[in-house]
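Student: Sequence:
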Amino acid sequence: MADIEKVTDLTSDKLLGYFESMRSCFYVKLGMLTWLEGGNLEKHRALSDAASSVALELGDKTAARTMATIQDKVVENLKEDAVTALLVAGWSVFELVIKDLTAPDYATQSTMLSLDFHNGILGFTLAEREEITLFYHLRNAVVHYNGAYHAYRVVDATYDGQHFKSVGHFGEKIEMTLGLVVKIVNDLEKYAMKAWAHLGRP
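In this note's numbering, the protein residues as written are 1403 to 1604.
Do not rely on the hints blindly, as some may be mistaken.
To be verified - Straight-line distance between alpha carbons at most 27 Å, and here's what the computed DSSO-like set of lysine-lysine pairs gives:
{"no.": "1", "residue 1": "K1431", "residue 2": "K1445"}
{"no.": "2", "residue 1": "K1585", "residue 2": "K1567"}
{"no.": "3", "residue 1": "K1575", "residue 2": "K1585"}
{"no.": "4", "residue 1": "K1481", "residue 2": "K1585"}
{"no.": "5", "residue 1": "K1416", "residue 2": "K1501"}
{"no.": "6", "residue 1": "K1592", "residue 2": "K1408"}
{"no.": "7", "residue 1": "K1431", "residue 2": "K1481"}
{"no.": "8", "residue 1": "K1575", "residue 2": "K1431"}
{"no.": "9", "residue 1": "K1481", "residue 2": "K1501"}
{"no.": "10", "residue 1": "K1431", "residue 2": "K1475"}
{"no.": "11", "residue 1": "K1408", "residue 2": "K1596"}
{"no.": "12", "residue 1": "K1501", "residue 2": "K1596"}
{"no.": "13", "residue 1": "K1592", "residue 2": "K1416"}
{"no.": "14", "residue 1": "K1445", "residue 2": "K1475"}
{"no.": "15", "residue 1": "K1596", "residue 2": "K1416"}
{"no.": "16", "residue 1": "K1567", "residue 2": "K1481"}
{"no.": "17", "residue 1": "K1408", "residue 2": "K1481"}
{"no.": "18", "residue 1": "K1596", "residue 2": "K1575"}
{"no.": "19", "residue 1": "K1416", "residue 2": "K1585"}
{"no.": "20", "residue 1": "K1501", "residue 2": "K1445"}
{"no.": "21", "residue 1": "K1501", "residue 2": "K1585"}
{"no.": "22", "residue 1": "K1585", "residue 2": "K1596"}
{"no.": "23", "residue 1": "K1585", "residue 2": "K1431"}
{"no.": "24", "residue 1": "K1575", "residue 2": "K1481"}
None of these hints come from the bench; they were simulated from the model.
Build out the structure end to end from the sequences listed, making use of the hints.
Tutor: Structure representation (structure tokens):
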């Protein structure tokens, strides 16, 4: 029987592997989008048939009918899913690192552990903490507000030349391109590994 992977005893290699796995899934989705947007009807039909068959196997007849012909709306939804899934997964790995650094093997503890990326032991500068705070806001917008600006925590910040401002835009979708989210996840990885090295973890 294969060993079951644990999130205890983390190493830098394991963490880099998590980021790499997440990126692989992201680029497979983009590859599918290229197929769907490329106008190759044979590939389009093959993917539609496969998706419909899987939906039927899982007992979802409604989805099976929808997937029998992948409409433009499904393609747009897949594009949005690629963006949001990468952002959420990237944040999840970052959170795993930060929690483990502030409370090693935290999964073995019975108390709830909050994410404390402002903790001075991590070695982040004020500017880095502010940037991470923006990433956290964007992740929360996706997870809790369907990707929209919200009043619970306001944001007014610029990242990679794009300005994010929630006041006056509550309920509006936040524009997040593929390139922007890839850069955010790359920076999350950079910050995670910086903190890891700062505390001398292997």
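Student: Is the straight-line distance between the alpha-carbon of K1431 and that of K1475 27 Å or less?
Tutor: 15 Å, holds
Student: Hinted pair, alpha-carbon criterion (27 Å max): K1416, K1585. Please report holds or violated.
Tutor: 21 Å, holds
Student: For the pair we were handed, K1585 and K1596, check the Cα-Cα distance against 27 Å.
Tutor: 16 Å, holds
Student: Please verify whether K1585 and K1567 have alpha carbons no more than 27 Å apart.
Tutor: The hint holds at about 19 Å.
Student: For the pair supplied as a hint, K1585 and K1431, confirm whether the alpha-carbon distance does not exceed 27 Å.
Tutor: Answer holds: K1585 to K1431 is near 17 Å, not above 27 Å.
Student: For K1567 and K1481, compute the direct alpha-carbon distance and say whether it is at most 27 Å.
Tutor: 24 Å, holds
Student: Would you check the hint for K1416 and K1501, treating anything up to 27 Å between C-alpha atoms as holding?
Tutor: Distance of about 15 Å is within 27 Å: holds.
Student: Would you mind confirming whether the straight-line C-alpha gap from K1596 to K1575 stays at or under 27 Å?
Tutor: 32 Å, violated
Student: So if I understand the rule, the pair passes when the alpha-carbon distance is 27 Å or less; does K1408 with K1596 pass?
Tutor: Between K1408 and K1596 the Cα gap is close to 22 Å, so the pair holds against 27 Å.
Student: Quickly compare the C-alpha distance for K1592 and K1408 to 27 Å and report which way the hint goes.
Tutor: 23 Å, holds
Student: K1501 and K1596: Cα distance at most 27 Å?
Tutor: Status holds; Cα separation ~14 Å.
Student: Does the structure keep K1575 and K1585 at a Cα separation of 27 Å or less?
Tutor: Distance ~19 Å between K1575 and K1585 Cα, so the pair holds.
Going down the numbered hints, you'll see the structure goes against 9, 17, 18, 20, while the others check out.
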